[in-house]
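Those sequence lines, one after another, are chains A and B. By my numbering, the letter at position 10 of the first sequence is numbered 10, and the numbering carries on one by one without gaps. By my numbering, the letter at position 41 of the second sequence is numbered 41, and the numbering carries on one by one without gaps.
Hints listed in this document are in silico derivations from the structure and should not be mistaken for laboratory results. C-beta atoms are modelled at their ideal positions from N, C-alpha and C, and glycine is treated no differently. Hints may contain errors.
[Said to hold, decoys possible] Counterexamples of contact, computed for chain B against chain A with all Cβ distances above 12 Å:
no.: 1; residue: H7
no.: 2; residue: R25
no.: 3; residue: L30
no.: 4; residue: E45
no.: 5; residue: A59
no.: 6; residue: S77
no.: 7; residue: R84
[What the hints assert, rightly or not] Below 30 Å or equal to it, Euclidean Cα-Cα: the simulated DSS-like pairs (lysine-lysine) are:
no.: 8; chain 1: A; residue 1: K239; chain 2: A; residue 2: K346
no.: 9; chain 1: B; residue 1: K98; chain 2: B; residue 2: K74
no.: 10; chain 1: A; residue 1: K34; chain 2: B; residue 2: K85
no.: 11; chain 1: A; residue 1: K152; chain 2: A; residue 2: K239
no.: 12; chain 1: A; residue 1: K34; chain 2: B; residue 2: K98
no.: 13; chain 1: B; residue 1: K6; chain 2: B; residue 2: K53
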Amino acid sequence: MIELNTEYSDSRANHEPGRQHRDRLRFSFPEVHKDARFDLEFQRTLRIPDDDSIHYLPPGLGNFPLRHVDDFATRLPARWREHGGVMMPMYQAEAMWINFTGPTRYPFLVKIAAGKINAVTGEPWRDAPNRDPQDYVVVSEQPWLDGFCVKKGEIRQFVAAPLGSGYSVEEQVTGQAEHGGLQIIAYPMKAEEWEKVLEEQRRERERIGIRYRKAKNLMPMMECLADPIMGLAQGGRMKQSIHDDPYDFSVWDLRHSSRCFVHITNSVAWRAITGEAPPTLPPTAAQYTAAGLPWFDYYSEAPAVEGSGILDGVKSVAQMDKERAAAQGGGMLPENESTGEVRVVKLGTPPGGPRKVREF
Amino acid sequence: MNAFGKHIRQKRESLQRDGRPLSVRKLAGLIEVEPSYLSKVERGETPPPSEGKIALLAAELGEDPDVLLAMAGKVSSDLQEVIRKRPALFGELIRQLKDAPEHAVLRLVREVRDGDW
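Model the full structure from these sequences, guided by the hints.
And the structure:
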């Protein structure tokens, strides 16, 4: 089951600037286990420079708002209604990352695609997961996902581009501008396997003399306008690993799954469809860095999956812009100059402790 | 005059004031009952009509059929069927939700719909 939790960090009216959305998708499988739930948030962020440097992790600037497609059905393209799911607004060339969080550390196998192209392997969408090559992330091992897995330990940032403009990964891989948005499916761990994990944790705590507490306390998780449909293209390079599945593939409960189509609309259309103001534009990476605000580096010793040759072969937005500028004299991206030296906050274990919050 | 009949009359007269010709005779014809019967319903001189006629009234007056049925002291047959299938479960659910604020109830029932990709 997937619920859309729509919350705000303050009580100010809908159109006032500064309102912080806390909208999230809550995946839960009460029929499998009471602990089987996690939240998925879409975080606004800086677009990192697409200069072929490998950048640190940019901050979270608050959640994108999410709305049920069904609530605005008469104002949306027919195929959005067919897809169901939710929708969110993004500015052209705005970046986004996905945050996985939750009150328990119940493991999930989560497949994510953009325009029905798998973000880990570059393969076409299918509901069923594949272990070799791994075409999914394991939550909560994977605290977040910032983009397409192009190399081992390296991703290219999710950046919004109008579907049909030729920039999106979907269009470059398939030659078609058909789906856009994001597609997500989650499978829980089998309940009996989770009980084994809990038992091992209990034994471990007893062994090292820690008084029993509940797992959740012990280990907190860290435009209907002309063309409103957005897809996701590849932005700058970022240091981030897709962690290799640490479990045997048999632990996953493939009889239970929940999936969601997340439509992305441009911010102008969002206002026309919902009557709500979209979030303000985030600062540029250079502005953010010049203000002395931190970037983040996540330490993990977990092995990483290999990058996708398909995704590594996709041109980034800046690469396409350069080619188009040379041929036609213009591209889609506003300036996004390099940042120079940045202040980095270490996250993860052991150097930075358990903190995994990418906020400042 | 009972609440149901009064509400029907007020709604019909409101639509008339807005320019829709909706006399008792006209509305009775639309829902296929005698004008004298509908007049008695509006005055509360006879009990509210059947579920089927209430659904037709709701459609003509632009009202929610469940709300009109509730005003008539009835529950739609499809809801009755739902409850009859799992009486203990839905009995408990409804009792637990009776004092819950609307947003809490909506949160409970708003599952994200998955469609055909």
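Results for each hint:
| no. | hint | result |
| --- | --- | --- |
| 1 | H7 | 28 Å, holds |
| 2 | R25 | 35 Å, holds |
| 3 | L30 | 26 Å, holds |
| 4 | E45 | 42 Å, holds |
| 5 | A59 | 19 Å, holds |
| 6 | S77 | 25 Å, holds |
| 7 | R84 | 23 Å, holds |
| 8 | K239/A <-> K346/A | 13 Å, holds |
| 9 | K98/B <-> K74/B | 18 Å, holds |
| 10 | K34/A <-> K85/B | 25 Å, holds |
| 11 | K152/A <-> K239/A | 9 Å, holds |
| 12 | K34/A <-> K98/B | 25 Å, holds |
| 13 | K6/B <-> K53/B | 16 Å, holds |
Violated hints: none; the structure is consistent with every hint.
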